[in-house]
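Enquirer: Take these sequences, add in the hints, and give me the full structure.
Protein chains in written order, with the numbering used here: chain W, 55 to 158; chain B, 94 to 333.
Treat each hint with caution, since some may be false.
Simulated pairs of lysine-lysine, BS3-like, Cα-Cα distance not exceeding 27 Å [as the list claims (entries may be wrong)]:
1) B:K104 / B:K184
2) B:K184 / W:K84
3) W:K135 / B:K272
Just so you have them, the derived chain W footprint on chain B, three or more residues with Cβ under 8 Å [as the list claims (entries may be wrong)]:
4) 103-110
5) 181-195
6) 252-261
7) 315-321
Because the hints were derived from the structure by calculation, they are not lab data. Backbone N, C-alpha and C fix where the C-beta goes; we use that ideal spot for every residue, glycine too.
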Amino acid sequence: MVDTALFCRYLLVMAGVTYLIRMLPFVLCKRRIANRFVRSFLMYMPYAVLGAMTFPAILYSTSSRLSALAGFVAAVALAWKERGLLTVALCASAVVLAVELLGF
Amino acid sequence: MMQNSFVKGLKDGLPICFGYFSVAFAFGIFAVGQGLSAWQTVAVSLANVTSAGQLAGVPIMVGRLPFLEMAATQLIINLRYALMSVSLSQKVASNVSIVDRLIISFVNTDEVFAVASGCPGMVGRNYLYGLILTPYIGWSFGTAVGAVAGNVLPAIVISALGIAIYGMFVAIVVPAMRKDRAVLGVTFCAVGLSTLFRYAPGLRNLSAGMAIVVCAVAASALFAWLRPLEAEGEEAPSHG
Numbered sequence: 055m056v057d058t059a060l061f062c063r064y065l066l067v068m069a070g071v072t073y074l075i076r077m078l079p080f081v082l083c084k085r086r087i088a089n090r091f092v093r094s095f096l097m098y099m100p101y102a103v104l105g106a107m108t109f110p111a112i113l114y115s116t117s118s119r120l121s122a123l124a125g126f127v128a129a130v131a132l133a134w135k136e137r138g139l140l141t142v143a144l145c146a147s148a149v150v151l152a153v154e155l156l157g158f
Numbered sequence: 094m095m096q097n098s099f100v101k102g103l104k105d106g107l108p109i110c111f112g113y114f115s116v117a118f119a120f121g122i123f124a125v126g127q128g129l130s131a132w133q134t135v136a137v138s139l140a141n142v143t144s145a146g147q148l149a150g151v152p153i154m155v156g157r158l159p160f161l162e163m164a165a166t167q168l169i170i171n172l173r174y175a176l177m178s179v180s181l182s183q184k185v186a187s188n189v190s191i192v193d194r195l196i197i198s199f200v201n202t203d204e205v206f207a208v209a210s211g212c213p214g215m216v217g218r219n220y221l222y223g224l225i226l227t228p229y230i231g232w233s234f235g236t237a238v239g240a241v242a243g244n245v246l247p248a249i250v251i252s253a254l255g256i257a258i259y260g261m262f263v264a265i266v267v268p269a270m271r272k273d274r275a276v277l278g279v280t281f282c283a284v285g286l287s288t289l290f291r292y293a294p295g296l297r298n299l300s301a302g303m304a305i306v307v308c309a310v311a312a313s314a315l316f317a318w319l320r321p322l323e324a325e326g327e328e329a330p331s332h333g
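Expert: Written as structure tokens, this is what we have:
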């Protein structure tokens, strides 16, 4: 157990740092960036971040490599067919559940 | 072109809300298991709204490690949000005031950012408020349910829910990769780098949060140089 006073101090540090990282660039960058390289960089960045966050981490997101791999393949297949976010997420979970129920 | 419908924002936020519910649920179980009380666990989610940062932060609290370590860990894991905030700042319409920015940036998560980025044209304040509302509720409520009732769900269900948030990332990236060659290239490049950083001796010692920042910056910079956008005008070629 962490007592309330100590917990609040930790929480303040944690949430304060997290908020400042998000807030400062968003509030300070108000003008349109004209530089072509910077604009291109910022356009590609979301996909690079999501790609790097997803793989290979997704393979370790369930209790077995095999079920995670099956879920990943299912997610890619459905996303390729342009199914919505929720459909893809829930189907990936369902495939993981099915594979793990089979004993893998 | 500007997207400024609150209802459209709500609709786009709903899948994030459901995705968060399951991930936050898992976080709730984790934090209580680590030794936080249920209300402390919920307070962490209400104040931070960041999955990776929270997962790393709870053991630091419970272990009573130095405050500096807490600050440094959060800075590194969450540094990607600074990039996202700069990117999003270029996409918000002029009706988004400073106060709006102060509020919206609080819930500028990976998924909110990804969905807002995928919107054609600029995004307005009503749309953004609609977009962040349900994910915030899903994140807090999911944490509470996980913290209080987590041990009623069988382990196999919790394991299956673990992949949900990654499934959502896949659903955002893959259609954009299909439509735009440069997005395909930049994503494969980032995935290749992150695989290297996960397994290669030496490189794998870098923290997961820092590795994401390095991979994303390297891949985006490479493609911004190789395949820059056309001159000023309609942006985000990656959606149809």
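Enquirer: Name the hints, by number, that the structure is in violation of.
Expert: none
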